[in-house]
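Take a look at the letters that make up each chain.
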Amino acid sequence: NAGVMQNPRHLVRRRGQEARLRCSPMKGHSHVYWYRQLPEEGLKFMVYLQKENIIDESGMPKERFSAEFPKEGPSILRIQQVVRGDSAAYFCASSPGTRRETQYFGPGTRLLVL
Amino acid sequence: GNSVTQMEGPVTLSEEAFLTINCTYTATGYPSLFWYVQYPGEGLQLLLKATKADDKGSNKGFEATYRKETTSFHLEKGSVQVSDSAVYFCALSEMNRDDKIIFGKGTRLHILP
Numbered sequence: 001n002a003g004v005m006q007n008p009r010h011l012v013r014r015r016g017q018e019a020r021l022r023c024s025p026m027k028g029h030s031h032v033y034w035y036r037q038l039p040e041e042g043l044k045f046m047v048y049l050q051k052e053n054i055i056d057e058s059g060m061p062k063e064r065f066s067a068e069f070p071k072e073g074p075s076i077l078r079i080q081q082v083v084r085g086d087s088a089a090y091f092c093a094s095s096p097g098t099r100r101e102t103q104y105f106g107p108g109t110r111l112l113v114l
Numbered sequence: 001g002n003s004v005t006q007m008e009g010p011v012t013l014s015e016e017a018f019l020t021i022n023c024t025y026t027a028t029g030y031p032s033l034f035w036y037v038q039y040p041g042e043g044l045q046l047l048l049k050a051t052k053a054d055d056k057g058s059n060k061g062f063e064a065t066y067r068k069e070t071t072s073f074h075l076e077k078g079s080v081q082v083s084d085s086a087v088y089f090c091a092l093s094e095m096n097r098d099d100k101i102i103f104g105k106g107t108r109l110h111i112l113p
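Read top to bottom, the protein sequences are chains A and B. To convert, note that position 28 of the first sequence is 28 in this note's numbering; the numbers rise steadily by one, no gaps. To convert, note that position 29 of the second sequence is 29 in this note's numbering; the numbers rise steadily by one, no gaps.
So that you can see chain B by itself, here it is in the shape it has in the complex (with noise of 0.2 Å):
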């Protein structure tokens, strides 16, 4: 079946470092793939998504790139900041079923000032 792989947590780096968080998936066809962010105590917020291969999703100086021939679909950030710590989830829907979303395990991110 349908399977997102993100690694494990969690990761501490210092304000200003460059971020890659890595995320492969298992899915036939072709998943829309999504980051999703989780700060303490709230719901998840969506992050950024891709619908379609090559595609890259951006958002708040986050990017992840659909790469369809690694089955990847990493996220990364030039320069962190203490307000990014929070607990990132890669995450994939079924082509042209966007109702059910399979989630990773998350990934909790530490930002050191």
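With the rest of the complex left out, here is chain A (with noise of 0.2 Å):
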């Protein structure tokens, strides 16, 4: 059973540039969570998200940030118009269906702004 699976690893961008992170969650799993660690800090939460149901956003920026959980796909978490200070890590944990259920990470995916 595979796990939590992030792509890309590394991603590079230029300020002003769009950046899409996907992740594919554990087989069976219906609840998707996206979280951000910047440099040295621990991680954030972002957003929860139930198959094409947005549950939680409340620790998502209020502009250019944005995440989805289509019925088919991966979930995407996108941001428009980079800037730097958006460099950082940002994993993706899912878990089975229930509040209560243990999540388990991604790998993450390291952004890096230019």
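Hints may contain errors.
Unchecked claim - With beta-carbon atoms standing in for the labels, derived distance ranges: (1) R78/A x S83/B: 31 to 39 Å; (2) G73/A x T12/B: 30 to 38 Å; (3) P61/A x P113/B: 38 to 46 Å; (4) R84/A x T28/B: 33 to 41 Å; (5) T28/B x P96/A: 22 to 30 Å.
Claimed, not checked - Subject to a maximum C-alpha distance of 27 Å in a straight line, what follows is the list of computed DSS-like cross-link-like pairs (lysine-lysine): (6) K27/A x K68/B; (7) K51/A x K105/B; (8) K60/B x K62/A; (9) K52/B x K105/B; (10) K105/B x K62/A.
If you're looking for bench data, these hints aren't it; they were derived computationally from the structure. Note that CB positions come from ideal geometry on N, CA and C, so glycine has one too.
Build the complex: two chains, separate frames, hints provided.
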């Protein structure tokens, strides 16, 4: 059973470009979470999604960031018009279905904005 | 709001030394408490968890006890190995809300052979 998969593992963008980060949850998992890890910081919750629904986006910046988890395919975290401060590691986690289940993390996507 | 504070690193120990990484939390009610480990270049892995006061989580020789009276969840291991070198994150989730995990800043651990 493959774990949570994220791609790309490393992404380099110039200021003003768009970044798209993908997350495929573990098989059988219908809940996805995105976290951001700034250098020398812990992970900060961004958004929690179920299939086709955003459940909690309280950690998402108000502008330029969006997330989706379509009925088919991976979850996408999209950052428009990236700025240097967006450089971070972005981790996706998934869980089976209930709120109290353990979250399993992917290897992360390291975004560098030049 | 809820928060987690853990000792700053890096922590450097010799192999077979005793390890303690301190963690305290601020939360309302009875949160669940976790320790996650992040090996170089990898994502986080759940190391252990405790869901109520006085519970002891344990895994791979690591232990942590949920202390409500001191709001602490210190991580301990009796004899560390070089392979334990990683970053360790203390974390909590609010009661009945495991969907939002709040992490500490992490403690980098170096074990010397």
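We went through each hint and held it up to the structure:
At roughly 37 Å, the beta-carbon separation of R78/A and S83/B lies within the given 31 to 39 Å, and the hint holds. A hinted range of 30 to 38 Å for the beta carbons of G73/A and T12/B is inconsistent with their spacing of about 44 Å. Look at P61/A against P113/B: about 43 Å separates their beta carbons, and that is inside 38 to 46 Å. Taken as a hint, the range 33 to 41 Å holds for the pair R84/A and T28/B, whose Cβ atoms sit roughly 36 Å apart.
Our hint of 22 to 30 Å for T28/B and P96/A holds, since their Cβ atoms are close to 27 Å apart. Between K27/A and K68/B the CA atoms are separated by roughly 36 Å; this puts the pair beyond 27 Å, and the hint is violated. About 30 Å separates the Cα atoms of K51/A and K105/B, which puts this hinted pair outside 27 Å; it is violated. Proposed proximity of K60/B and K62/A is contradicted: the alpha carbons are some 41 Å apart, above 27 Å.
Between K52/B and K105/B the CA atoms are separated by roughly 23 Å; this keeps the pair inside 27 Å, and the hint holds. Only pairs whose Cα atoms come within 27 Å are accepted, and K105/B paired with K62/A is accepted, the gap being roughly 24 Å.
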